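Enquirer: Listed below are the residues making up each chain.
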Amino acid sequence: MGIRITNVGPVTTIQDAGRRGYMAFGFQASGAMDKKAYEVANILVGNAGGESAIEMTLIGLSGEFTSDAVIAVTGADVSPELNGVSIPRYRAVAVKKGDVLSCGFAQSGCRAYLAVHGGFFLKKVMDSYSTNVKCGIGGYLGRPLKKEDLLYFNTVSPKVAGLEKRGIEPPKIESCAVVRAVLGPQDDYFTEKGIRTFFSSEYKLTNESDRMGIKLDGAEIESKNGSDIISDGIPFGGIQIPASGKPIVMAADRQTVGGYAKIATVISSDMAKLAQLKAGDTVRFKEISVADAQDVYLKEMKEIDELDKKLNGKQYKIGEAIKKIWKK
Amino acid sequence: MSEHIGEIRILPAGDTALVLEFGREISDELNARVKGAYGYLKQNPVKGITELVPTFRSLLVCYDPKEIGFNALCDTLTRTDFSPKTAGSAAARVVRIPVAYGGEFGEDLPQVSAHTGLTEKEIIELHSGRKYLIYMLGFLPGFPYLGGMDKRLITPRLKNPRTKIPEGSVGIGGEQTGIYPLASPGGWQLIGRTPIKPYDPNRKNPFLYNAGDYIVFDPIDMTEYARIQKEVERGSYVCREEVV
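These protein sequence lines map, in sequence, to chains A and B.
Take 1 as the starting number for the first sequence in my numbering and just add one per residue.
Take 1001 as the starting number for the second sequence in my numbering and just add one per residue.
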């Protein structure tokens, strides 16, 4: 059994670490927008990496549990409550059959994650649980979650040891983010002035931002001779400059290739900060070298691995074991 | 921007990706080099590379810095001989796509005829029966960017793009031709439709073709269309293909 959804925002989908290996066929990578919050949620409830979780956007979900579970809510502050009593974010919480979870509008941040011990009972499509709404595949019936959906869990009687230790201090969520970006791949399409503008201006998130791209408003970036290129692959965090001169940071549901020059690429660690910005929030870009960016990446991966090791060691990585049984 | 054709540039794309840039124009020669590198890296995987995205003229290489750092990956890629001969990439396939031209499936055929001055029959003859190289896939899952359309068929895109183009539509947009594997908005002139699914997530291999393969369109009539459509629904249709 699992959870019956009683209230849900319009952009609430099942996501995982992303659909890997199909970009060459024009298939979007998908996956959680804030990978850090997604991973921590799964670690807190004792799941193996790559397990499914629910990504909520701006509006948190509410639902009734139809079986016992261990859950964690991370990312944006959606003020989660259990049976009307506030529960902490970034902490594993045991719930009983019949309990009611209710989350509200994001008080800070934009995207929240709900993970359950053992993961949701879903089938991978092309090696991933992630919902690709455009293609109508993955996740729950290939679509965003709706009221009255009933999501089953892989585990019905969860046993998670050391619940009291399974929590971390919720990270501070900023509404004026400074994100680090590596110049390139097509920074040479822009004038020196354009690059200066990019790194010295404050940009505002527009309400056209979504899982595909984060559209920014602010100072126009000057190109040498226009910013059209012959289509090129787009990485997560690639910053396209279209004819308007205003940056678009390409995100999880981005198309695989695109014809606008990319002045720089947001480093993977800071994509989590961008994923938590709402329309009207601001962002500044700060230049970083590839070497320094990779140090940041390694440091962050180490922190996540250490949290996983500390809480889960080996014995609680049950997600994969369950899937093996299910396959049989 | 002029680049020597033999020169490969490595451009950083953040902390977990880089671009191998072979040039900045569209040419079969450049694309063959991209295909060579793509094929080589698929057959000789480098530990840490997580994704490869070939395009007209570049290869996006995503990687995990936990496994390999930027400098080490650059060294490895610089030392690799990507010339198509050495790369010995997998043989290209020619995938045959049956298409019912004109009528309700190709409602812009009269417009293409008016623009090009060719009869509908001539358009079908010029469009089908020839090999189109798949430069890359993108825009939609399995949407092929094809090279090699007869210049006489060039027709501008619609002034007002359609909000929904049905799955399987075959169209012409400027100098390009292609198939819409999924229903999508789009501005191409529709000249026909295929009953087969270039992309089907439920099939063992969801995609019928890869970048570097070729497509040939085979004209079929409505009876044939209906017959193939039934086979596709039953899952018994096998797409015709040859190895070149």
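Don't read these hints as lab results, they were simulated from the structure.
Treat the hints with care, as some may be off.
[To be verified] Computed list of lysine-lysine pairs in DSSO-like fashion (alpha-carbon distance at most 27 Å, straight line):
1) A:Lys97 with A:Lys134
2) A:Lys134 with B:Lys1159
3) A:Lys147 with A:Lys124
4) A:Lys124 with B:Lys1131
5) B:Lys1159 with B:Lys1047
6) A:Lys299 with A:Lys286
7) B:Lys1121 with A:Lys124
8) A:Lys123 with B:Lys1151
9) A:Lys302 with B:Lys1066
10) A:Lys309 with B:Lys1121
11) B:Lys1151 with B:Lys1121
12) B:Lys1066 with A:Lys309
13) A:Lys299 with B:Lys1066
14) A:Lys224 with A:Lys246
[Said to hold, decoys possible] Stretch-level coverage of chain A by chain B, calculated; a stretch enters the list once three of its residues show a Cβ under 8 Å from a Cβ in chain B:
15) 224 to 234
16) 253 to 264
Source: prediction; values computed, not measured.
Backbone N, C-alpha and C define an ideal beta-carbon position, used for all residues, glycine too.
Enquirer: Hints first: check each against the structure and report whether it holds.
Expert: Results of checking the hints against the structure:
no.: 1; hint: A:Lys97 with A:Lys134; verdict: violated, 34 Å
no.: 2; hint: A:Lys134 with B:Lys1159; verdict: holds, 24 Å
no.: 3; hint: A:Lys147 with A:Lys124; verdict: holds, 23 Å
no.: 4; hint: A:Lys124 with B:Lys1131; verdict: violated, 36 Å
no.: 5; hint: B:Lys1159 with B:Lys1047; verdict: violated, 48 Å
no.: 6; hint: A:Lys299 with A:Lys286; verdict: holds, 19 Å
no.: 7; hint: B:Lys1121 with A:Lys124; verdict: violated, 46 Å
no.: 8; hint: A:Lys123 with B:Lys1151; verdict: violated, 46 Å
no.: 9; hint: A:Lys302 with B:Lys1066; verdict: holds, 10 Å
no.: 10; hint: A:Lys309 with B:Lys1121; verdict: violated, 68 Å
no.: 11; hint: B:Lys1151 with B:Lys1121; verdict: holds, 16 Å
no.: 12; hint: B:Lys1066 with A:Lys309; verdict: holds, 17 Å
no.: 13; hint: A:Lys299 with B:Lys1066; verdict: holds, 10 Å
no.: 14; hint: A:Lys224 with A:Lys246; verdict: holds, 15 Å
no.: 15; hint: 224 to 234; verdict: holds (count 6)
no.: 16; hint: 253 to 264; verdict: holds (count 4)
This entry does not satisfy hints 1, 4, 5, 7, 8 and 10, going by the numbered hints stated previously.
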